[in-house]
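*Asks:* Using the sequences and the hints given, assemble the complete structure.
Take the sequence shown: its position 128, counting from 1, is numbered 128 in our numbering, and each next residue is one higher.
Hints listed in this document are in silico derivations from the structure and should not be mistaken for laboratory results. Glycine included, each C-beta is placed from N, C-alpha and C at the ideal position.
Cross-link-like lysine-lysine pairs, in silico, BS3-like; alpha carbons within 25 Å at most: (1) Lys217 with Lys70; (2) Lys777 with Lys612; (3) Lys561 with Lys545; (4) Lys872 with Lys73; (5) Lys612 with Lys544; (6) Lys472 with Lys533; (7) Lys22 with Lys73; (8) Lys137 with Lys872; (9) Lys802 with Lys324; (10) Lys545 with Lys612; (11) Lys189 with Lys205; (12) Lys369 with Lys629; (13) Lys387 with Lys819; (14) Lys819 with Lys378; (15) Lys460 with Lys387; (16) Lys533 with Lys561; (17) Lys884 with Lys872; (18) Lys629 with Lys324; (19) Lys535 with Lys562; (20) Lys546 with Lys562.
Label-pair distances were calculated between CB atoms; the ranges are: (21) Asp61 with Ser40: 26 to 36 Å; (22) Leu225 with Thr971: 35 to 45 Å; (23) Glu528 with Ile840: 47 to 57 Å; (24) Ile836 with Met510: 42 to 52 Å; (25) Asn383 with Ile857: 49 to 59 Å; (26) Ser500 with Gly815: 47 to 57 Å; (27) Lys189 with Ser114: 24 to 34 Å.
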Amino acid sequence: MLSLKDIKKDYVVGDSTVSALKGVSIDFRENEFVSILGPSGCGKTTLLNIIGGLDRYTSGDLNINGKSTKDFKDCDWDSYRNHSIGFVFQSYNLIPHQTVLSNVELALTLSGVSKSERRERAVKALEQVGLGDQLHKKPNQMSGGQMQRVAIARALVNEPDILLADEPTGALDTETSVQIMELLKSISKDKLIIMVTHNPELAMKYSSRIIKLLDGKVIDDSDPLDKNVVEPIKKPEKEPTKADKKAAKKERKKLKTSMSFLTALSLSRNNLMTKKARTLLTSFAGSIGIIGIALILSISNGVQLYIDQVQSDTLSSYPLQITKTTASIGEIMNTMAKNHEESGKHDMDKVYSQNAMGEMINTLMEETKVNNLEKFKKYLDDNSDLKDLTSDVQYTYATTLNVFTESDSGVMQVNPSTLLEDMGYMSSTQMEAMSMSGSMGGMGTDVWSEMIDNEELIDKQYDVIAGRLPEKYNEVVLVVDKNNEINDYVLYSLGLLDPSSLNGIVRRAMAGEDISVDSEQHVYTYDELLDLKFKVVPTPYLYKKKDGVWEDMTGDESYMKKAVANGTEISVVGILRPDEDASSASISGAIGYRHDLMTYLIDEVDNSEIVKEQIANPDIDVFTGLKFKTDENVADTDSSSETVSDSTADTESKADKTADSSDTDKKAGLVAGDSSMEIPEGMTEEQYKALMEQSGASDTGELADMGMNAMGSMDMSAIQGGDMSSLTETQKKYIASLSDEQLELMKQMLKEQSDTNADQLANSGKYSTSNYDNNMKTLGYSVVEDPDSINIYPVDFASKEKIIDIIDDYNDSVGEEDKIEYTDYVGLMMSSITSIINAIGYVLIAFVAISLVVSSIMIGIITYISVLERTKEIGILRSIGASKRDISRVFNAETVIVGFVAGALGIIISYLLTIPINMIIAHLTDVPIRASIPVSAAVVLIAISVCLTLIAGLFPSRVAAKKDPVIALRTE
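*Replies:* The following block contains the structure:
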């Protein structure tokens, strides 16, 4: 089974060579108790180490089961020690920080035995040596004999073929020595036991064979293997098949030893637990760098969160805006600057004019263009990346939101607000300009504004202090400031304070009059504000058709009362207050409404009668009945034709209505019951008589007089439209007296009169001063697919840059006429702040990282000290079959544990330090910065700590792996 053939072992000591073994040849039986005797230095232990695979022979051969070991690799020797050899040492060589059970189990962990089987076999081995009740004791809690029994149990647990005992009783008393020898003798019945001893009496008493060595040679063998015994002739071995080779390879792989990383962690953890104070101090030293970086990251993260909030809030107020008609402000500024630089190239002996105004106008004309928003909107709607980059994409339209309130004194226009104009502060043109400024993120005059369609962002920017957020198109919210106050401008605009008290106040003040303004602080309950109601009236419903043209009725109080009464009711359903940490707000007005209110309004406008009429007659001005002026129709008229204004056309159209009206007058007389009237053209005598009989004209002279008087001042459009509310009681009584035929005749008359009037105006040779587009804009006509402007709200500045890239990609894909010009109101206002903060953070981290590197080097030194301290453990592990890689893994595991503890300790301390840091920041500044360590950063820092300590421990672990197991076992 085991055969040594001319084994020699030489040691090089300095310049000389020492021969420990000089050609030893011994054959061993499968089961016998062999004792090797000899004086110190004769080579006994060297021979035992070579047989056990701990040391390598210089020459000769060691055959195991007929197989030579000359070509054995390190892994083969590791497997041999683990599966075939069991060591029992004089000094026991137990790992002190492991329990008895763990010491015995250790060899099995290298064999890949499952946990349950490992535990079962270890307990059985300990019971076999009489220690079944000592499983959880540490070696230092046991006697010498008990520790030797544990060593024997460890040697037996893997069921080896050979048990090697090096002076197993050398450190024991006589009684214990006998017990150990008896135990070994009983084991020798089934196994080969080779024992090295100085005690010839024990050898003679318990051994079945004694071999004596002297000066590295065998000088005596009491029971050598008989060479004359004829071994049975073995059948010649067949050439191994592919299946045989595969099975052999699988078996070798199965026998290969390997320590799991969990086992390595367990060994290192137990070792570190024996040195708790040093481990904690080492970990704390390693955590200093982590603490520094974590605190920098926490403050940087707090600042970054604040910047992100400012960015989000700012960009929700100042979006990227793309209007139908726009000018590149950047290009204008660059051109004007360039022109300014080029000026001044003249002599300095005179004063010269500078063409600033001309350059500005020329530049403005050159840089102004019309954007095709309909095509661009479709591009944005089809872009899937835009959703992640924006808080909202808002489409605005030219449709005016006309909002009114009703009171006992009449109706009041709330939006667009006319308060400043009524005060005499500015003209209607200035009011319109300010309103446009408000739509672009500036301070406008209107208190109604569209909410951003991003409820999550609104929740971050506002607190709902009463009610709820709007859910329907006819629901709005009221916005108060951070002090729960509402500007009195808003109160006057909404009608909560009487705006009539401010009429002309600016003019009167400038004229030197004594004026007084209500300065009392008014208080409103939440319920009072939530009870506010408003009415929305689409612009077309503010016009009424009269005599074939549409007349603005905003000056007619009775008409406006009815129009407002029939308007869409809008309810205030919630009150919002800006969040105390919000740096900006997305709702620019005091009343915030949903986008679908505008969608509803667009639909109402598009389906109105006046808009349909204007669309059906694109060449006729519905407000004047005149044709729009074009190059073609102007060329067709003579030089005397003139263009008239709306008011002039209206006056002249009324004068033209008297022409050719005799037939209309006849019909009017019939309706009134006047039998003296001639038969109107187009009516037969029979129809005339039937109508007169039906009206009772023969005896209704009084009614006829009343009818003529009534029709003289009657609003005929009221009859045509079926609206009798504007008629007097006399007119209503008269209308009620008419038969259906007479009423129908009246409507026919009115239609003919209206058509005649419109035809006369259209063919009068005069032209409207307006045009089709202006009329549609006045009426608030819009197409959902073709917005008036597009507001893109980026999530942050990085997203804004990506959105600009998307716009650039669009411009690259379309022709020159479809390229988009946009306005970036925020620009580079804050875009560099993040870069500055990051740069500062990186510099600070770089400085602190130096301490992290230093602490890692220190941990590497501590690990090297641990290698020196655990040198004997290295030898023990190698003796039971651990490979060099396994040894390296043990110390790598130790550095991982130290690195993890250092990282975790650093994060915990950093988290605790952020509490006073935040208190100091809150005390010193009003900026809502909250230092906090992101979870991801904490995980990364711990991982960095582990990686750095692991790297720092690579050298010590490599040193440990290279240690000679024989020398390591001799270390105390």
